[in-house]
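Enquirer: In short: position in the sequence shown from 1, add 12, done, that's this note's numbering.
Hints were generated in silico from the structure; no laboratory data involved.
Treat the hints with care, as some may be off.
What the hints assert, rightly or not - Pairs of lysine-lysine, PhoX-like flavour, derived with a Cα cap of 25 Å: (1) K270 with K315; (2) K269 with K257; (3) K349 with K366; (4) K184 with K48; (5) K220 with K48; (6) K173 with K48; (7) K349 with K361; (8) K257 with K270; (9) K173 with K184; (10) K361 with K315; (11) K48 with K165.
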Amino acid sequence: MNRNYDNFLNLTMDTRIRECRDGWYAFEDTVFYGEKGGALADRGTINGREVLELRWEGDTLWHRVEGELSDPVRLEVDRLTRWNNTAVQSAFHMLDGYYGRLGLRIVAIGVHPENQWYELDTKELPPGHLEEVQSFLDRQILDDFPVELSYVKGADYPDPKYQGYDEVRIVKFADVDTQPCGTPHVSRTGQILSFTVLGSERSGRGTKIYTAVGPAAEARLRGDHAVLRRLVELSDTGIPDLPDKLAGLLASSKALKKENEALRRELCGYQAEGLLASGDRLVSCAARDAGELRAMSQAVLAKAQRGVVLMAELDGGVSFAAISPEGRGRAWMDGLKGALEVSGGGSPKIVSGKSPAGPEEFRRAAEGLEI
Numbered sequence: 013m014n015r016n017y018d019n020f021l022n023l024t025m026d027t028r029i030r031e032c033r034d035g036w037y038a039f040e041d042t043v044f045y046g047e048k049g050g051a052l053a054d055r056g057t058i059n060g061r062e063v064l065e066l067r068w069e070g071d072t073l074w075h076r077v078e079g080e081l082s083d084p085v086r087l088e089v090d091r092l093t094r095w096n097n098t099a100v101q102s103a104f105h106m107l108d109g110y111y112g113r114l115g116l117r118i119v120a121i122g123v124h125p126e127n128q129w130y131e132l133d134t135k136e137l138p139p140g141h142l143e144e145v146q147s148f149l150d151r152q153i154l155d156d157f158p159v160e161l162s163y164v165k166g167a168d169y170p171d172p173k174y175q176g177y178d179e180v181r182i183v184k185f186a187d188v189d190t191q192p193c194g195t196p197h198v199s200r201t202g203q204i205l206s207f208t209v210l211g212s213e214r215s216g217r218g219t220k221i222y223t224a225v226g227p228a229a230e231a232r233l234r235g236d237h238a239v240l241r242r243l244v245e246l247s248d249t250g251i252p253d254l255p256d257k258l259a260g261l262l263a264s265s266k267a268l269k270k271e272n273e274a275l276r277r278e279l280c281g282y283q284a285e286g287l288l289a290s291g292d293r294l295v296s297c298a299a300r301d302a303g304e305l306r307a308m309s310q311a312v313l314a315k316a317q318r319g320v321v322l323m324a325e326l327d328g329g330v331s332f333a334a335i336s337p338e339g340r341g342r343a344w345m346d347g348l349k350g351a352l353e354v355s356g357g358g359s360p361k362i363v364s365g366k367s368p369a370g371p372e373e374f375r376r377a378a379e380g381l382e383i
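All chains, full assembly: derive it from the sequences and hints.
Expert: Rendered as structure tokens:
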């Protein structure tokens with residue numbers, strides 16, 4: 013057990029290289045923490061070079077940087093990253109104890125500074141629960157009580173899964189929570205700085221509760237406020253009126269979408285009449301994409317008295333829609349597949365698809381088939 017982690021603000025160290033393997037370095041000692049035990053990995057520098065990766069092999073932490081290192085080695089852990097990782101880890105420890113007393117269990121956590129959450133094993137939370145959680149963590153932070161660390165021999169620890177370790181570190185948050193853990197923790201609960209419940213939603217296993225903890229809360233507030241200010245500028249309104257303004261804009265957008273759809277169907281109807289006016293069974297149309305061709309085929313079906321095939325040059329080949337009021341669309345498609353490389357399908361009255369063939373080759377194959 014690396015006792016350098018007992019003080020989470022122990023961030024610098026001078027040491028020497030113990031071993032180098034394929035660009036990875038193990039040192040005689042380290043203050044870096046690699047991702048493990050629900051805590052994210054530290055960031056920082058080694059001899060001024062950014063640490064790119066950290067990985068554990070047993071109790072040995074391997075470090076990777078760009079380029080080669082030589083003794084002496086100076087380790088410097090990024091303070092903000094360590095504080096973020098430690099604050100959320102410590103807060104969730106206390107939540108373990110809080111929920112244990114309620115007969116509930118935290119089944120998963122998210123500790124990334126931009127996405128902090130924990131998941132409970134129940135879909136039914138009592139009214140006012142989130143407010144109670146907020147009040148509970150507020151009290152722990154304001155009381156600023158010390159976090160106690162102690163060590164016992166692994167063989168003496170009652171849980172069999174820890175008995176293979178030489179020693180086990182016990183982390184105690186007063187009478188709130190006590191459990192074994194090797195990750196960095198705050199020395200006093202006030203060092204968590206901030207804990208805010210943002211909201212909750214039901215999940216596959218229960219309920220996910222979103223939070224902002226430690227220095228991450230400040231970054232989250234700044235980021236969300238910047239988004240809010242941008243929305244205010246775009247909507248030309250004040251923050252209190254923003255919800256109503258956005259609701260009005262969304263309602264207007266929905267109404268315009270319905271109006272545009274009605275106009276599009278009307279336009280397709282006029283275009284369909286123009287395409288059918290020639291009396292040809294195979295008609296070229298100026299569709300810009302497959303969606304427009306599909307809309308056109310539906311308009312043609314509403315007006316056609318006999319079978320007709322629409323074709324358009326799209327994506328280096330031919331896209332088509334075969335319209336058959338008599339319900340021969342699929343039979344026509346089967347015939348076309350016997351003459352050309354074709355993909356697609358549909359209903360008896362409309363089949364659509366595409367072919368890599370050129371327009372003339374497609375036209376020759378299609379004209380020989382009865383629709």
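Enquirer: None of the hints should be skipped; say for each whether it holds.
Expert: Structure-based check of all given hints:
1. A threshold of 25 Å between alpha carbons decides the hint, and for K270 with K315 the separation of about 23 Å falls inside it, so the pair holds.
2. Our distance criterion of 25 Å between C-alpha atoms is met by K269 and K257, whose separation comes to about 18 Å.
3. The hinted pair formed by K349 and K366 meets the criterion: a straight-line CA distance of about 11 Å does not exceed 25 Å.
4. Straight-line distance between C-alpha atoms of K184 and K48 comes to about 19 Å, which keeps the hinted pair within the 25 Å bound.
5. For the hint linking K220 to K48, the alpha-carbon distance of about 22 Å falls within 25 Å, and the restraint holds.
6. Annotation: proposed proximity of K173 to K48 holds, straight-line Cα distance about 16 Å (limit 25 Å).
7. About 17 Å separates the Cα atoms of K349 and K361, which keeps this hinted pair within 25 Å; it holds.
8. Taken as a hint, the K257 and K270 pair is honoured in the structure, with Cα atoms around 20 Å apart against an allowance of 25 Å.
9. Restraint check: the Cα-Cα separation between K173 and K184 comes to about 19 Å, which is no more than 25 Å; the hinted pair holds.
10. Straight-line distance between C-alpha atoms of K361 and K315 comes to about 13 Å, which keeps the hinted pair within the 25 Å bound.
11. A C-alpha spacing of about 21 Å is found between K48 and K165, which places the hinted pair at or below 25 Å, so the restraint holds.
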